[in-house]
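A.B. asks: Can you join these two chains into the complex? Each is in its own frame, and there are hints to help.
Taken in order, these protein sequences are the chains called A and B. Letter by letter, the first sequence follows residues 1 to 442 of my numbering. Letter by letter, the second sequence follows residues 1 to 297 of my numbering.
None of these hints come from the bench; they were simulated from the model. The structure displayed is predicted, hence computed values, not measured ones. The beta carbon of each residue, even a glycine, is placed where N, CA and C say it ideally should be.
Stretch by stretch, here's where chain A covers chain B in the computed footprint (C-beta under 8 Å, at least three residues): (1) 39–50; (2) 129–142; (3) 152–161; (4) 242–253.
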Amino acid sequence: MFKNRFFWMTVAAALICSIAAPALAEPIEINWWHAMRGPRGETVQKIVDSFNSSQTEYKVIATYKGEYDEVVNAGVAAVRAGKQPHLLQAFEVGTQTMMLSGAIYPVYKLMADSGYKIDWSQYLQPVLSYYMNADGNLMSMPFNSSTPVMYYNLDMFKKAGLQPLSKDKPVTWDEMGDITAKLVKSGATGGLVTGWQSWTQVENYSAIHDLPFASKANGYEGLDTALLINNDKVVNHIARLKSWMADNRFYYGGQKYQGPQAEFIAQNAGLYIDSISAIAKIQKSVKDFQWDIAPLPVEAWMPNPQNSIIGGASLWVFTGLPKQDYKGVAAFLNHLAGTESQVLWHKETGYFPITLGAYEQLKKDGYYKESPYQEVGIKQLTRRNPTKNSRGLRLGYFIQIRNIINEELELVWNDSKTPKQAMDSAVERSNVKLREFEKTYK
Amino acid sequence: MLKKRSYFKKSTLPYLLILPQLLITTAFFYWPALQGLVASFQLSDPFGLRTQFVWFDNYIALFRDPLYLKSFLTTLVFSGSVAAVSICFGLFLATMANRALRMTAVTRTLLIWPYAIAPAISGVLFLFLMHPSYGVVAIAFKRWFGLDWNPLLESSDAMLLIVLASSWKNISYNFVFFLAGLQAVPRSLIEAAAMDGAGPLRRFWTITFPLLSPTMFFVTVMTIIFSFFESFGIIHTVTQGGPGGSTNILVYKVYQDGFIGLNLGSSSAQSIVLMVLIVLITVLQFKYVERKVQYTG
Numbered sequence: 001m002f003k004n005r006f007f008w009m010t011v012a013a014a015l016i017c018s019i020a021a022p023a024l025a026e027p028i029e030i031n032w033w034h035a036m037r038g039p040r041g042e043t044v045q046k047i048v049d050s051f052n053s054s055q056t057e058y059k060v061i062a063t064y065k066g067e068y069d070e071v072v073n074a075g076v077a078a079v080r081a082g083k084q085p086h087l088l089q090a091f092e093v094g095t096q097t098m099m100l101s102g103a104i105y106p107v108y109k110l111m112a113d114s115g116y117k118i119d120w121s122q123y124l125q126p127v128l129s130y131y132m133n134a135d136g137n138l139m140s141m142p143f144n145s146s147t148p149v150m151y152y153n154l155d156m157f158k159k160a161g162l163q164p165l166s167k168d169k170p171v172t173w174d175e176m177g178d179i180t181a182k183l184v185k186s187g188a189t190g191g192l193v194t195g196w197q198s199w200t201q202v203e204n205y206s207a208i209h210d211l212p213f214a215s216k217a218n219g220y221e222g223l224d225t226a227l228l229i230n231n232d233k234v235v236n237h238i239a240r241l242k243s244w245m246a247d248n249r250f251y252y253g254g255q256k257y258q259g260p261q262a263e264f265i266a267q268n269a270g271l272y273i274d275s276i277s278a279i280a281k282i283q284k285s286v287k288d289f290q291w292d293i294a295p296l297p298v299e300a301w302m303p304n305p306q307n308s309i310i311g312g313a314s315l316w317v318f319t320g321l322p323k324q325d326y327k328g329v330a331a332f333l334n335h336l337a338g339t340e341s342q343v344l345w346h347k348e349t350g351y352f353p354i355t356l357g358a359y360e361q362l363k364k365d366g367y368y369k370e371s372p373y374q375e376v377g378i379k380q381l382t383r384r385n386p387t388k389n390s391r392g393l394r395l396g397y398f399i400q401i402r403n404i405i406n407e408e409l410e411l412v413w414n415d416s417k418t419p420k421q422a423m424d425s426a427v428e429r430s431n432v433k434l435r436e437f438e439k440t441y442k
Numbered sequence: 001m002l003k004k005r006s007y008f009k010k011s012t013l014p015y016l017l018i019l020p021q022l023l024i025t026t027a028f029f030y031w032p033a034l035q036g037l038v039a040s041f042q043l044s045d046p047f048g049l050r051t052q053f054v055w056f057d058n059y060i061a062l063f064r065d066p067l068y069l070k071s072f073l074t075t076l077v078f079s080g081s082v083a084a085v086s087i088c089f090g091l092f093l094a095t096m097a098n099r100a101l102r103m104t105a106v107t108r109t110l111l112i113w114p115y116a117i118a119p120a121i122s123g124v125l126f127l128f129l130m131h132p133s134y135g136v137v138a139i140a141f142k143r144w145f146g147l148d149w150n151p152l153l154e155s156s157d158a159m160l161l162i163v164l165a166s167s168w169k170n171i172s173y174n175f176v177f178f179l180a181g182l183q184a185v186p187r188s189l190i191e192a193a194a195m196d197g198a199g200p201l202r203r204f205w206t207i208t209f210p211l212l213s214p215t216m217f218f219v220t221v222m223t224i225i226f227s228f229f230e231s232f233g234i235i236h237t238v239t240q241g242g243p244g245g246s247t248n249i250l251v252y253k254v255y256q257d258g259f260i261g262l263n264l265g266s267s268s269a270q271s272i273v274l275m276v277l278i279v280l281i282t283v284l285q286f287k288y289v290e291r292k293v294q295y296t297g
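This is chain B alone, in the form it adopts within the complex (with noise of 0.2 Å):
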């Protein structure tokens, strides 16, 4: 009988094949995790020069402070405004960008670029902006409709203004799927029900969007990933935080308390956290979103 698959006699082969990708993810993701780890377990001073093991110490005062707790509370209204902006605005891009007759390349390149941008200049181009002081948009809104927008002392402004400037950029980001995945729906399906009658809001909603539900869930998931840790970048050129704390999501309390303040027991249990709640959020969309999604195959 022919031998389908191809084997090694040796089973070291495979092993020695996977090790160069082992040792990064060892020394670049499991070791500074256990070092973590272990540091949140610990009260110690910055230069590591006297540490003592305080067992849980460091999380029972993470979760007395009503500002951690208010700061997990932040972070959801967050990420759920960015993946709600970026995934709606995402898809209609895309929409529009496929059904769009010329200068098709161009258009697409250019709605693209925004992804290539760092989340620090993203955040200081929004500043530029809409900054009170300085920003033109914000000068130019004030002057001509007396909008009273300040983002320095109105919390709800500050949010809308990091929204804004988290969603800009991940709006590339997601079109880039959302295009991929409208160019694989089988064009005859669409002219089919088209013939069938239907217009074309019922063709999205019937066809297009159920074909499009791996896309959908894939960006999800990368959105609300994005915007627990990337998104460090805008909220640092852009708010550190303010005003009074309402902007300041848990992965930007970490860098404040562990990279600023030198606190590194607390950032650590901090850190230890994040990426528990990170990996539940995965788990949870994976265990109940990713039944209603149809792979096509």
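Here chain A stands alone, though its shape is the one from the complex (with noise of 0.2 Å):
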């Protein structure tokens, strides 16, 4: 067998190549940890591939490592250990954790550091704002950003002798009373319903009313901040919708997703707040009715509505890697911030484009024309500048106060607490966590 000829030109073979390799010089490698996976992970490879096809210096690996918070834990074993990834991506609770962790690499330093003259302006500023500092620098690079909307039954409108809803102009909480009434009259199991509570009804609510969420702007100024959520505004809110629960204008299907969207689907609802990323699988799962969708209602003493705020995650750079591969991914951020890969994050994502180059494009190319849903939650995002109150929400131990806000919005969904009591005991436990908090980074 080793005196057969083709053996030994493979061994042959195999040795040139092994010590030619080191001269064709190895592309730098760059981690990526994600949390996209199915069709989302699949797009994320497109833009990885097209990157790595664009240049030979460096090779991005994009890793799915599990759900929002397996990826942070893994990236938090990862700083731990020393090994950690070029990039990682964190979820916007997160983002004071990861801003205060001491081990990342600000992007708008490393940008500007890898010589990158970006102007920062040609950006949506409603997604930057989120994930900038106290002076308006950009921390991480915002990757996946959603907003929430209204989707509504056409059907289920018409049949209730209703107009279909302005993509423009919200319509307001009072007038949704009313049309939720009417929806319940003409037969429908109910009016409204709303996936993410906190998010939508508390956290967004507040955005979009110009109300503060905590002080200190809403904790971007400081780590001494409080909730400010019981004010008279969303506790009056929250009361409005739990006095529509009792003829059904409103109910109750838990506190993500899956509940309303089935309730929706159902048509049980005719109403149904979630983000805009729940568009596509709207799109699959509804067969027998029409559908449509709104901007958020907003009250009728807000002539001008602030910007909604944005859920989703963004693109942290680790420190204590080798020097020359930061000009790596400060390339391969430049790559994934440029309008193609944009585009194309956004037709296959329904994930907002970062870059208002990237919207003219998709305007220009009539994508908008084609599917008119998805520029409703772009529009909201963008109809003003963020003020201090709309800009975002930077607080510490925040995925614990959203759970402590869902809570007690369900105790006082099931009668156990008045929306005034409710709010008030979400503040005081959240300042707790929050205290609890600055302790940590003194």
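C.D. replies: In structure tokens form, the structure reads like this:
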């Protein structure tokens, strides 16, 4: 067998290759840990492939590390072990923890150090502002961003004698009272359901109506922040939803999205508030009725509603890796923010493009004429420049705080507490967490 | 004189033989437990770059938190219910299966199946049956009987749902042990009692049940440990501790605060408390319950 000529040729070839390989300069590997699976993961891979084939110096390796919380935990463990990846996708509620970690290389600095002069004003401001520090410097690269909108059932609207809603001008909450009443009167099981109640009914409600969610500019200006969501306006909003529960104009479908979405798809609820990223799922699941999208309702006293805030995740760069790698990381982030990648990302996943350039390109291509659903969210997000109350939330232990708000809201829905009691207790409990967080970083 | 026992001349060999086991226990149990103990006295950021020693602050904060104390109570109600339901049904099914005349192997195998299912999957299965929006059984009950069932909002419904999901899985486990226990009960005793005129119930209570007590004891300890720890997957998939924190059992709170919330100090303190609690319960069981157990020999 060893006399076989083919065998020896193979050995020789392998030897030559192994000697010659270093001379060809292996591309520097850049690791990116993310939480995008399924079709979203495939789009991530397309963007990575297009970067890898556009140059030979660097090779990005994207790895799915599980759900959002699992990715953050993988990052924490990796940093502790000194084996961190270059890029980590972390969800928006983890922003404060990542920012204060002391293990990250701010993106604005990375781009400047690597010689990229980026005009950040050409980005979608409400998206950037969520990931900026108090001085307006970008700490992480926005990646997948969405915002809540309102889905509604056109067939049920028709049956109740209601006109379709405007895609630009939001309905008022007072009008919502009439609309839901008419829906119920026409024989619908219920009126409105909402996914992610803390995000849509408290966080976004506060941003849209320019109400502070927490002191110190929603936590941007200091760790000594405290929640302010027990103000009259938020309490009244919760009280109104609660009063609608009496005749099913509003009803509770669960904390996350599964329950409320199922209610909407089963035509039990005519209106459904959830992230724009649910569009694809609804398109796939709904076969037997017409539906459309409208911006989130606003109060009648708010003639010029603010931008809504985003949910999603951003990409963080870790420090402590070889210097030459960072040029590659910057090149990849630049590629990612490029119009081509952003257009692809928006079209395939429904998440917002992050640059105005990409948005203009999409408009020019007539994309929003084909799929008018997509534009409702982006218009609502960009209708006004963000204020201190609407640029985002910067809170420590934000995940626990969201849990607390969810719990307290449930206690309102099941008659255990009045809206005022619940919001007071949410503030009190959250502030304990905020003080604990502050103590950790002192 | 003939030596009855073989022994090793050198005393190192036995240690060498148990070394692998010791290493595994140390690496995967003692070392992490020690780390948890240390972390429970610290206030630390997730990345471990700032760490301060805070003595018992984490513990004090825990026991001042009314919700933590409520979580204790929730855990006791939950494990008590799971133990009661799964032991009763496990015993009932085992007694029936022991009397089955036909298809015994098939029946038994089918009854053991649920134990092979992971808790998270069991949770998801029950969710698909009982969720008020998309649960088949829940929707059918609502339509036919007008049953007002809503585990998303009603604390008692939510508790009932997770008790059902956890017990269903555990019944199989208990069933296996009870069945083995029943088969070890000498038939002659039962036949003798039958000849003396004892009915089936009486035979069960006076002969079978006392002889089953070692099994019963073992199964109780195991079920309580199961419901303290392994039920995590069920809570996670079914209620996530809701509504309003009413199904937030201790082990789920550890996960929420530690893994999701990255509050390492507090969650370490919670796991130490949990560990002490489970040791305490087991010791109590051995001390007081085991006395009543009759080991046949």
